[in-house]
Structures are given as structure tokens and as C-alpha cells.
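Two chains, two frames, some hints: make the complex.
Chains A and B, in that order, are what the protein sequence lines are.
Residue numbering for the first sequence follows my numbering, beginning at 1 and increasing consecutively.
Residue numbering for the second sequence follows my numbering, beginning at 116 and increasing consecutively.
Any given hint might turn out to be false.
In silico BS3-like links for lysine-lysine, alpha-carbon gap of 25 Å or less [what the hints assert, rightly or not]: (1) Lys66/A - Lys55/A; (2) Lys41/A - Lys222/B; (3) Lys55/A - Lys20/A; (4) Lys137/B - Lys41/A; (5) Lys20/A - Lys157/B; (6) Lys157/B - Lys41/A.
It should be emphasised that the hints constitute simulated quantities derived from the structure, not laboratory data.
Predicted, not measured: the structure shown is a model, and the values here were computed from it.
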Amino acid sequence: GAVVSQHPSWVICKSGTSVKIECRSLDFQATTMFWYRQFPKQSLMLMATSNEGSKATYEQGVEKDKFLINHASLTLSTLTVTSAHPEDSSFYICSARRSGRETQYFGPGTRLLVL
Amino acid sequence: GENVEQHPSTLSVQEGDSAVIKCTYSDSASNYFPWYKQELGKRPQLIIDIRSNVGEKKDQRIAVTLNKTAKHFSLHITETQPEDSAVYFCAALLYSGGGADGLTFGKGTHLIIQP
Numbered sequence: 001g002a003v004v005s006q007h008p009s010w011v012i013c014k015s016g017t018s019v020k021i022e023c024r025s026l027d028f029q030a031t032t033m034f035w036y037r038q039f040p041k042q043s044l045m046l047m048a049t050s051n052e053g054s055k056a057t058y059e060q061g062v063e064k065d066k067f068l069i070n071h072a073s074l075t076l077s078t079l080t081v082t083s084a085h086p087e088d089s090s091f092y093i094c095s096a097r098r099s100g101r102e103t104q105y106f107g108p109g110t111r112l113l114v115l
Numbered sequence: 116g117e118n119v120e121q122h123p124s125t126l127s128v129q130e131g132d133s134a135v136i137k138c139t140y141s142d143s144a145s146n147y148f149p150w151y152k153q154e155l156g157k158r159p160q161l162i163i164d165i166r167s168n169v170g171e172k173k174d175q176r177i178a179v180t181l182n183k184t185a186k187h188f189s190l191h192i193t194e195t196q197p198e199d200s201a202v203y204f205c206a207a208l209l210y211s212g213g214g215a216d217g218l219t220f221g222k223g224t225h226l227i228i229q230p
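For reference, chain B alone in the conformation it holds in the complex (with noise of 0.2 Å):
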């Protein structure tokens, strides 16, 4: 099965400056991987995903990159502000129409902006 693999696990930085968060996925027929945001006790939200037809996309200030030979894709969240402190989670799944294609998730990243 697929294993997702995100680092770092804690990342903190001064608000206004960029944060990088990366997966790595091991299934090389994996073909779509969403990035959630969670914050304490509330359910996760996408914030950006990305198919593997597409190597960029971008949503104002959260941008995914994803490198299909090396197997890792990353968040990209510039000009942090407050607001932006949670846990982020990668995941990848094959999704193939139908049938048990559930999400693996990455084990978090918890993004802390420093005021």
C-alpha cells in the first residue's frame, strides 16, 4: 500500500516569511495528493491540491509543486500570518473511479507563526 512520508514535524516561523513543508509518497501510480489544514479539535480543510497531470498550482498565497520521478510533492505558504498556525497534512491516493481509494495521510506538520 501507499506510505506518506512528511517533514518537518514542527516548523516555526516569523510571520511575513515563506514555510516549506515536503512528502515523500511510495506508490508511483498514485495520482492525486491534497494538502489539509486542521486546527485544534476541528476537522481537516483542503487548502490546495494538485493532480499528476500538473507539475505547479498556485492559490494566492499557498502553492503545491509536485516532482512525479522523485516522488515528493510540497506546500509553499508565503507571506505567513497568524491565522496560518495549524497542523498541515500532505496525502496521496490512486483514485481509480470508485471502489476503497481512501487517503494516506502524512503524520503532520504543525506550523507555528511567530509574531
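Only chain A is shown next, with the shape it has when bound in the complex (with noise of 0.2 Å):
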């Protein structure tokens, strides 16, 4: 198989605070994973592309100040929210990838709320 976890599920926090989730690739080893954000009724959108050992790959608009993202270890990415404000409430869903692969697995999201 090809299983992708996230944790938390939700998270409901204060203005101002940070928020970190995690993202694990439980039967296979990640050389990339995704990190992608889904407002209400709308579409996915990427964020950035997390690679083990280096630095991530954030688009265009997206503050890598604010969203800090770690791929310590090949089944294991992080992003961090850091000074979360209400319109960075959205859900936040990852996606891991295999070596040499393009098919990516996704994770069942984290909802952020932020008060």
C-alpha cells in the first residue's frame, strides 16, 4: 500500500500563535512530499515541495517566513504555521511521493482554525 498520515486532524488556535502538523509516509520511504492548502469549495493549491535533506521549494505568493516546512526524514515532513492569523484558517493536506515515481498519495488533511 501506500499510506499517507497527518496529525492533527483539526487544530483550533488563537491569533498569533503557531501551529505545526506533521505528515508520515507509514509503508514507504518519501524523497518529496507536498504540502497543499484547500479553501471551502475550491480547488487544491500547492504551497511547496518538501525534499529530505534540503531545503524546501515554495511558489510564487507563498511567505516561507510563515510556513516553515522540514523534511527531516524520508518519511516524515513538517510544516509549521508560525504566527497564524483567521484568513490562514483553511485545510492543509500533504501528499508524499515514491523515489523514482509520479503518482502521489495524499494525507487525510489537517483543518486549521485560527480565532
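This is the structure:
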């Protein structure tokens, strides 16, 4: 199989705090992981690409100092939303890909609500 | 960068009838085209994909066709069932074996199967 997990599944926080989201590939090694954001009734928008052992690549318009990404191992990538504001409230979904394969498998998503 | 257009945004069909969702892409170099099904509040699940060296692929009631010249690809679902009701996303990417090659998604099609 190709199972990807995310934690937490949902989080509510106060404005100005930081939130860390974990993405894990449970049964395969993922040299590349991706972070997407999905607003209600909208499509998935790629935020950044996370490569194990190197700096993340951010899409245009995504602030790298606000959305910190770390890919410390072949099975774990983390996204930290720093100084979260209400406009950061969204559904954050990661995906993972095996080395040499193009198919991406998605995690269950993390719903973030910033009050 | 890549741009993916998807139509229609909503599609309502009678149970047992066929459904067709169409997408166009802008980057002629794109070589991988997956389709995802997303139920409300859940992760996108890969239902079928096609690579640029193939014109058509079928898996039971689901088929995808690709026209590289016209830069469009379509999802066909036959003998629709109530459990097919969901939002369907097409996507495209240029897979190069590594690097920042995340998926570009279409805006999604809400498929409604009428009993």
C-alpha cells in the first residue's frame, strides 16, 4: 500500500500562535512530499515541495518565513504555520511520493481554525 | 507555469447513466495526468491516471482519454452509482524524476448522481 498520515486532524488556535502539522508516509519512503492548501469549495493549491535533506521549494506568493517546512527524514515532513491569523484558516493536505514514481498519495488533511 | 481548466463545475446525471468530465492543460511538456475523487472533508483519492505516452486507459467503470495535440484529457464514468457522488479533480504535471514538480489541479467538478 501507500498510506500517508497527518497529525493533528484538526486544530483550533488563537491568532498569533504557531501550529505544527506532521505528515508521515507509513509504509514507504518518500523523498519528496508536497503541501497543499484547500479553502472551502475550492481546489487544492500547491504551497511548497519538501525534499528530504534539503530546503523546501515554495510556490509564488507563499511566504516561506510564515510557512516553515522541514523534511528531516524519508518518512516525515512538518509544516509550521507561524504567527497564525484568521485568514490562514484552511484545510492543509500533504502528499507523498515514492522515489522514481510520479504518483502522489494524500494524507487525510488538517483543518486549521484560527480565532 | 501549468494551468488546468476543468468543466463542468457541476454535473448531475441519472443513476446508471454515464458522466464525462473534461480538462485542458496549457503546458505541452506535461506528461502525467491523474484524476482524484474527494468526498466532503476527506482526502483526495487517486482513481485513475494516464501518462503522455498512452491515449486511453480503462479500469472497470472508469476510463481516461488523453489528446496530446489538443492538450485535453477526459474522465468517463459509466453505469454511475450513488457512491460516485463526490468532487472530482483533474491534475497535470511535468514529472522529471525529482525537484519541485507538484500537481496543478483543475477547479473540480461536483458530480451528483440522481437516484
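Taking the hints in turn, this is what the structure says about them:
no., hint, result
1, Lys66/A - Lys55/A, "holds, 15 Å"
2, Lys41/A - Lys222/B, "holds, 9 Å"
3, Lys55/A - Lys20/A, "holds, 17 Å"
4, Lys137/B - Lys41/A, "holds, 19 Å"
5, Lys20/A - Lys157/B, "holds, 20 Å"
6, Lys157/B - Lys41/A, "holds, 13 Å"
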